[in-house]
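Number of protein chains: 2
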Amino acid sequence: MEFQLEQATDILSRTPATMNSLLRGVAGEWTVCNEGPDTWSPYDILGHLIHAEKTDWIPRARIILEHGEAKPFEPFDRYAQLEISKGKSAAELMEEFESSRKKSLAALEEMKITSDKLTRRGTHPALGKVTLSELLATWVAHDLSHVVQVSRVMCRQYSEAVGPWREYLPILKHEQ
Amino acid sequence: MEFQLEQATDILSRTPATMNSLLRGVAGEWTVCNEGPDTWSPYDILGHLIHAEKTDWIPRARIILEHGEAKPFEPFDRYAQLEISKGKSAAELMEEFESSRKKSLAALEEMKITSDKLTRRGTHPALGKVTLSELLATWVAHDLSHVVQVSRVMCRQYSEAVGPWREYLPILKHEQ
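Listed in order, the protein sequences are those of chains A and Y.
Adding 143 to a residue's 1-based position in the first sequence gives its number in our numbering.
Adding 143 to a residue's 1-based position in the second sequence gives its number in our numbering.
Calculated directly from the structure, the hints in this document are not laboratory data.
It is possible that part of the hints are untrue.
The list cannot tell twin chains apart, which means a pair is met if one copy fits it or any two copies do.
[Said to hold, decoys possible] Cross-link-like lysine-lysine pairs, in silico, DSBU-like; alpha carbons within 35 Å at most:
| no. | residue 1 | residue 2 |
| --- | --- | --- |
| 1 | K260 | K231 |
| 2 | K260 | K229 |
| 3 | K316 | K245 |
| 4 | K231 | K245 |
| 5 | K229 | K316 |
Please construct the entire structure, taking both the sequences and the accompanying hints into account.
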């Protein structure tokens, strides 16, 4: 599918509500469960989304619009949430994600992005030349990939509880 | 994780809201997109969930509680939604899923399921002996597996739009 700014913004605006409906108020063990050693829980994922909101998407869009290819992006720390989330409840992280996302979308609107601006290029520290459109499409895909991950982590907690039905749920066999 | 009825019911009650936040009001192409030939769109998945609500979970729980192992379940038609959804909009399917789920959860509550009842057995036409607890755990896992699927289908629509970032999103390469 072609990237369309209005559709992308719409999908981005939905993710806090999706995380809320999956997680807000669930029994605590469902927010800290994971898929085994060195995998993330829904709690970890919320912290990661907040960190990306603060250091990745809008800051990088600004670098593209203000500096073009001349100034490479700061590398993104994919494990920063381990520090960021310390001492916070899952409910606090959900609120923080929701307010961070609102600010990001307001900042995006202020950028008054035109189809011309979408083709502007920046420099990713590892991937090289990228466009603003690719950055924004990645923001959307990144959101959805973490909705996939949260629901998959939760789903797999019942790998044993489903008994013989495991046969019909390949996701529980780590096959997809 | 051990199956717990209260937690399971809580998660089941959330799925209509999750589907709404992902899909209600999105541009039509996002509800009919899929992952290639013979794969399901979010629209197809909504129809499938409605059909399961009407013919699978509660009807099978009733068979277990009323007939035990003596009466095998009716086989579940995994393609019935193709007929069921005909002529309905995605918004209509979301409303139908929401009201069907409410009825199912009311029916579940009326069954006054105790820990003793959870161990009762029924006969699956293909899988053989199963317990009520396994049926209800499967209901939860089935819901979450379709949240995974809807968000994965949507995510993959931007496989090309993300450009070089595809490298960092294995989900776009059909690797997970």
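Run through the hints listed earlier and report the numbers of any the structure violates, in increasing order. Of the numbered hints given earlier, those the structure breaks are 1, 2, listed in rising order.
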